Amino acid sequence: MFRLFLLLSFVFAAAPLQAAPVARSLVRIEATSQEPNYRTPWNPGEVSGGVGAGFVISGNRIMTNAHVVSNARFLTVSKEGDPKPYPARVLHIAHDCDLALLTVDDARFFQGMAALDFGGIPEIESSVSVYGYPIGGSKLSVTRGIVSRVDFQPYSHSGMDSHLTIQIDAAINPGNSGGPVMQDGKVVGVAFQGYSGDVAQNVGYMIPTPVVRRFLKDVEDGHYDRYVDLAVSYHSLFNPAARAALGLSDDGTGVMVGSVYGGGSADGIVLPGDVLLKIDGLPISSDGTIEMDGKSVQLAEVVERKFKGDRVSLDALRDGKPIKLSVPLDQPWPFTLHANAYNENPRFVVFGGLVFQPVDENFMSAFDPDDLRLRYMFDFFVDDKIYRDRPEIVVLSGILADPINTYAGDFRFGIVDEINGRKIQRLDDVATAFADPADYYVIQMLGIGRPIVLERQAVVEARDRILGRYGVTREQNLVK
Amino acid sequence: MITRTLLFAAILTPAIVFGGSTPISKAPTDGNLRAGNDSVLRVNSTNQAYDFFRPWTKKSPFSRRGLGALIEGGYILVTAELVGNSNYVELEKATTAEKSGAIVERVDYECNLALLRPADQKFLEGMKPLAIDEGAQVGDRATVIQLESNGEIAETSGILTSITTAGYPMDNMGLLIFRLSAPLQQRDGSFTLPVMRGGRLLGLLMRYDARSQTADLIPPPVIRHFLKEAAKENYGGFARAGMAFTSTRDPQLRKFIGLDQPGGVYVTEILPGGAAETAGMKKGDVILAINGLPIDQDGNYEDKEFGRISFSHVTNTVSHPGDTIQFKIFREGATFDLPVHLTARDRSKMLSESYFMDRPPKYVILGGLVFLELSRPFLQEWGADWVKSAPQRLVAYDAFQYEKPRDRGKVVFLSQVLPSPETLGYESLENVIVSKVNGREIRSLADLAEAAKHPVDGFHEIEFEEDPGKIFLDAAGVEGSRDRLQKEYSLPALERL
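From first to last, the protein sequence lines stand for chains W and G.
Here the first sequence is numbered in numbering that gives the first Met the number 0, starting from 0 and rising by one per residue.
Here the second sequence is numbered in numbering that gives the first Met the number 0, starting from 0 and rising by one per residue.
Among the clues, some could well be false.
[What the hints assert, rightly or not] Derived pair list, reagent style DSSO-like, types lysine-lysine, alpha-carbon separation capped at 30 Å:
1) G:Lys435 - W:Lys384
2) W:Lys384 - G:Lys452
3) W:Lys422 - G:Lys281
4) G:Lys303 - G:Lys327
5) W:Lys323 - G:Lys58
6) W:Lys384 - W:Lys307
7) W:Lys277 - G:Lys452
8) G:Lys282 - W:Lys422
9) G:Lys98 - W:Lys384
10) G:Lys403 - W:Lys384
11) G:Lys254 - W:Lys422
12) W:Lys323 - G:Lys327
13) G:Lys452 - W:Lys320
14) G:Lys282 - W:Lys384
15) W:Lys479 - W:Lys307
16) W:Lys305 - W:Lys422
17) G:Lys469 - G:Lys452
18) G:Lys121 - G:Lys58
19) G:Lys469 - W:Lys384
20) G:Lys403 - W:Lys422
21) G:Lys469 - W:Lys320
22) G:Lys387 - G:Lys348
23) G:Lys435 - W:Lys320
For the record, the hints were derived by calculation from the structure and aren't laboratory data.
Here the structure is a predicted model, which means the values were calculated and not measured.
Can you build the whole structure from these sequences, using the hints too?
Pasting the structure below:
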């Protein structure tokens, strides 16, 4: 399989562009990647190839999108006017903001290449040019458009992150991913996603420089830490009765906290019902926006630009009394269950032909199970604090049919609650439980009255038969 | 998964379809069938269900036609589905097309049966009631009665292919059914048709699968149970043992629990407040016999009349609420008798009722916020795929209602907002579960209506189990806007309890 990164319809660029200087910075990236197979997790997965764009920045580094190089097994880059592909490697990859940095060990590659500098947030209606290797040919392509809107939008690579984005009306097509969007000789964004022509016309998105700069700063210590998050939900305070009941004047400021997600930065500091008035001293409008750099943005933008361990200060009203809160920022781990994961090997345990796997977004999209209890536990993992008792939801994901497990079929997608009385809180507990010697292994599923019972002796006798018949090359993998 | 089959098999029951392609079969009459013309009536029912999204309105009315069987006592027996949510029921004589309005005397959706009585009893003069059949066996022939448009009887002969217990349409209660193989044509507009054997009523056809040409009948034991209850001053309905079980076929399970005798089923679930729980039955018990009848590993016993069928026939149909059944239980190596005093389910105590017929859903509108109590028909408003498309937290409450604390009461939720000046900023709220109003716990809409009489400092404070946490309404504003809200949204009333 070969694909170009990014999905969009094709539109011609109308005006001539001065492509020559940027051509000295532009890089064509060919990636060979391997997608793990969650349905047969012991198998290595399918290999596919794709093309994306990138550009050289300071320090002999190449910037591109994370989704261009995700799950990559082999990467090559080539530059304009030099057909030779150079092997490249990933320095840093940030799946939450869809950015990655590559480098090429062969120093000759960077000879004659010019590092690009970053600009700021372009004005609405100003023109920008998009460079890349989109569908329609193999050479450098340029399209031009104007800045349509600056807004918070979901980043579809992770599927659960939202950050600042800039919408442009230039044609962005598969193969544009990772390419620079230029204005006045500076990079003002990295093209990364858009709508297909079936959904919306001329809607493309680029990652703006505040997000890019944050990424570059985060990796300065040689390690990418991910975004931090307050992990609270808040609601507008337009209702006059709500304002009066909370003792707020009619000045259009303040939002009310709905939920404080457990395990998140604000857990135990901010309380549901708190009215947030200021964040780092910036007044919060009752629609949840603040004024920053002369632009109206979501209050989360303050947190977006901070790093792990930084603090954010909040002015709030609690029970009608003003209080000041300081929240040390961290990554909210339970949320990551709902994010697409990359560069990970599926974890599993096979025992007696029963396959056990932890549940995450990758698992759910591979199986799309109908089981209601499983879907509830997954959907409400954060909201209902399911992670507290069960940091991982471990399910019986498959049955490699054999006489010893012929009565286990009803239990597929059941959530493993206990094995021989041991609470199963993560996949490792399953491996440990089956490693303990016992005559019987009694597997109790959540909400199912009948246990699965496996006789140790029968499992031992069936082992080679099952592994051989189903081509199971590994009985467990406990490491991502 | 086992529990899901128990609670949701209703969704899986095949749709009732009549095919138009099967050839007309004019089977030879089996003797006394001409009597059918004197014992069968067309029943036309105009039904109208409430709209659970807008519970103050009803959906468009629709008509269902079927055939009813005249039985002893001047009653016409039909399926409950035929007259579900009926506004008007009409009887029509087959040949003369003479009509009479009818009264629904008794309806039970669990066994899918209803008794009708003509408004004027003279209407039935000259007609002959049918006796209920007895002693039918697998392999017997039976005749499905339909009417031609000219009122002539159309008969289709079929063979009784199996006698088993299966989920009934409305509530998935497991009761006895007769399964008949017969090539039926669509004629009477619905699946409610009498089935005869030797001039007696063998049962009522309640669903038909045109592809497999298989019809499910409500058999005599279920009809008799219904009639016996209907003759009582207080209709007791069908009893439930209040537990779920699974097979003990798995030899590893049998060995592990030390079950060294053949047969027996493993109890997987004890419904809170049910007969089994009251009797002291426990999860993991093995039921070896009931009333001295041995139970096999799949839960069947040898019935004198019907052969191997599920023991639920004994608990649900042969027995009546109030009867006591002796269960022989195997628990931790010991065998003992456990008397279980059977009870019918008190549907009003269900957290989310599985069906909701012939009565209007409750609602309370406060300021423009519409509050409802959760029921499965509300979720089913999302269509055939409601399990996946309806709000998932509500679906989970419905599916796992037996795992909630028994005093949880009803789930009251804000279903939608009719925007008004009072609800400014709340327009996007929908399907969020209410926990408290004005500091009072909410376990029913009545609780909510009562709490709304006690605003705090001039505000209604409404708290939710989930986002947005809490909202406020101006109590005086809510009171002052009642008439305007009612008029603007054409609401017949702002609450119905």
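Task: Hint check, failures only - done: Of the numbered hints, 2, 5, 7, 9, 12, 16 and 18 do not hold.
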